[in-house]
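Trainee: What follows is the residue order along each chain.
2 protein chains.
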Amino acid sequence: MNSAVSEPALIGIDWGTSSLRAFLIGTQGEVLDSVSTGEGIMQIPDRNFDAVFDRLVGSFPSNAGLPIVVSGMITSRNGWVETPYVTMPTGPEHLARSLVRHQSQSGALIHFVTGATTEHISGPDVMRGEETQIIGSAALGLSDGVFVMPGTHSKWVHVAGGKIQDFATYMTGEVFASLKDHTILGTLMEVGDFDLPAFQKGVSAAQDRRANLLHDLFHVRTLPLMGKLKETETADFLSGLLIGTEIVAALRKNEAAKRVTIVGRNDLADRYEIALQAVGISCHRAPDDIAAKGHFLIAQAAGLLT
Amino acid sequence: MNSAVSEPALIGIDWGTSSLRAFLIGTQGEVLDSVSTGEGIMQIPDRNFDAVFDRLVGSFPSNAGLPIVVSGMITSRNGWVETPYVTMPTGPEHLARSLVRHQSQSGALIHFVTGATTEHISGPDVMRGEETQIIGSAALGLSDGVFVMPGTHSKWVHVAGGKIQDFATYMTGEVFASLKDHTILGTLMEVGDFDLPAFQKGVSAAQDRRANLLHDLFHVRTLPLMGKLKETETADFLSGLLIGTEIVAALRKNEAAKRVTIVGRNDLADRYEIALQAVGISCHRAPDDIAAKGHFLIAQAAGLLT
Chain A
1 MNSAVSEPAL
11 IGIDWGTSSL
21 RAFLIGTQGE
31 VLDSVSTGEG
41 IMQIPDRNFD
51 AVFDRLVGSF
61 PSNAGLPIVV
71 SGMITSRNGW
81 VETPYVTMPT
91 GPEHLARSLV
101 RHQSQSGALI
111 HFVTGATTEH
121 ISGPDVMRGE
131 ETQIIGSAAL
141 GLSDGVFVMP
151 GTHSKWVHVA
161 GGKIQDFATY
171 MTGEVFASLK
181 DHTILGTLME
191 VGDFDLPAFQ
201 KGVSAAQDRR
211 ANLLHDLFHV
221 RTLPLMGKLK
231 ETETADFLSG
241 LLIGTEIVAA
251 LRKNEAAKRV
261 TIVGRNDLAD
271 RYEIALQAVG
281 ISCHRAPDDI
291 AAKGHFLIAQ
301 AAGLLT
Chain B
1 MNSAVSEPAL
11 IGIDWGTSSL
21 RAFLIGTQGE
31 VLDSVSTGEG
41 IMQIPDRNFD
51 AVFDRLVGSF
61 PSNAGLPIVV
71 SGMITSRNGW
81 VETPYVTMPT
91 GPEHLARSLV
101 RHQSQSGALI
111 HFVTGATTEH
121 ISGPDVMRGE
131 ETQIIGSAAL
141 GLSDGVFVMP
151 GTHSKWVHVA
161 GGKIQDFATY
171 MTGEVFASLK
181 DHTILGTLME
191 VGDFDLPAFQ
201 KGVSAAQDRR
211 ANLLHDLFHV
221 RTLPLMGKLK
231 ETETADFLSG
241 LLIGTEIVAA
251 LRKNEAAKRV
261 TIVGRNDLAD
271 RYEIALQAVG
281 ISCHRAPDDI
291 AAKGHFLIAQ
301 AAGLLT
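One line per chain: the protein sequences are A and B, in this order. Using my numbering, you'd call the opening residue of the first sequence number 1 and step up by one each time. Using my numbering, you'd call the opening residue of the second sequence number 1 and step up by one each time.
Heads up, some of the hints might be wrong.
The list treats identical chains as one, so a pair stands whether inside a single copy or across any two.
To be verified - Within a straight-line C-alpha distance of at most 27 Å, the following computed BS3-like cross-link-like pairs (lysine-lysine) qualify: (1) 228 to 253; (2) 253 to 201; (3) 253 to 163; (4) 258 to 201.
Keep in mind that the hints were calculated from the coordinates and are not lab data.
Whenever a hint applies, use it, and build me the whole structure from the sequences.
Mentor: This is how it looks when you write it as structure tokens:
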């Protein structure tokens, strides 16, 4: 679209638990080049983060002297440098003021985006990396509203006035995997292609006003036992029941939400879209490369871009 | 108490998934002798139920010609003889009419108590063995009311007019084990002695009107991460959160319940008592050997006792 080739202005790295993505970012915040690898923080031999970092930066030939911003679980206790959390509300300026500087063994100056925390009456919540993606997504024409970030631990994020006001984590993905693989519910499951009606049936069960998760889970066993659900349908029924339960609870906390922006473009994001539509919520999808946009906005607010 | 020694009148066997208990029962329904073993249906080599059965019956020297009633998961698909389910409501007479007869290889006539099913709007529910225990418990002066049977899959049973009217299964115990052993929640856990305040804190979180299980579970991680819960407290906090969630949901279905009878005398039953008291419900404990009392009442109703 943009015929003028922008100059490189920034390197951004979104470094998570199981994968990472490095971006070469132009003067307008656009992604000029990117590298993805499976080198999440739990996959680094001998925790040699310096070696991975040097290779990533070296993969962009025009890296000389560019500022470098890094976000994600890389700043957690199991990461490279543990950083504190910022509190709510937070936005690009706040995150820029909270950047943690660290010099790599090769002499590069790294600006770590620190994680974010919020305090609910029921307990604290935390995220690392998602705050940068949401900042990027919110700037890309989506602005205020409710965002959902499907994943092993999904996040619901509330943005208003250009700032993250609050967020909550749901363990849905990890609960699904542990129930499927390590309880009696998995014994009557044959996992095959996505079964839309079975998934919708699970979402519908979650919507019932008498829904009662610890009990309803048992239907994942009794329905096939009684011949009322095929063994090829039970995994998607369980998926719908759990995602539906999450969505009902999250929307109760965000009652004004009429529209939800889904961050992600994988199969899991598709499931959230189906389930949200089933409860009458219209969905938008966040654009790609929002982490890079977040790196750019934070670097800009920090005065790192010349 | 009873100085007159009663004559043997019946052999009853409560044969479950992971253990069994065989009773020699007297003419007044009292237990004269009993044998417990770990030979649940999933632990029988070559599924040779006949060999285990013959040894059990042979362990009571005065077994000659006694009627034999057997209940539990032994009548499930993975058991000895699969039997159909009776529907609600059910009581001793109904269960007596539904006994399934089977001759062992050694020629003994066995009367299997069949399982029970109920249909909720959300799906079917099933039990095998608990119906016999509840029949026995309800006869022992406890009569009508709400019973909870803690376990891997706990059961809540509603009895009125001397009959089981309805019941519901909660997967709480198995969910606890799979979350503890197979998710990130277990990584910040040191399991030690029972920590009452941590358990009560979990129950209290479950009672909050904004309680939201898939989200609240994440606090099992964030609270120790933030130094707000010790690693020795997290397992009991999770236990309290799950048992509390079950109790809040079950009492919503049984709003008139002021008193709950807990079936069981183990550590898990103690946890349910603590959690029920925390929500203002008074508890009673079912007496021992209620399965034998159930076997006796069903045999009596079937005219098997001479």
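Trainee: Determine for every hint whether it applies to the structure shown.
Mentor: Verification of the hints:
1. 228 to 253: between (34 Å within a copy, 24 Å between copies)
2. 253 to 201: The answer is both: 24 Å in one copy and 22 Å across copies each meet 27 Å.
3. 253 to 163: Classified as within: same-chain Cα gap 18 Å, cross-chain 41 Å, threshold 27 Å.
4. 258 to 201: within (23 Å within a copy, 35 Å between copies)
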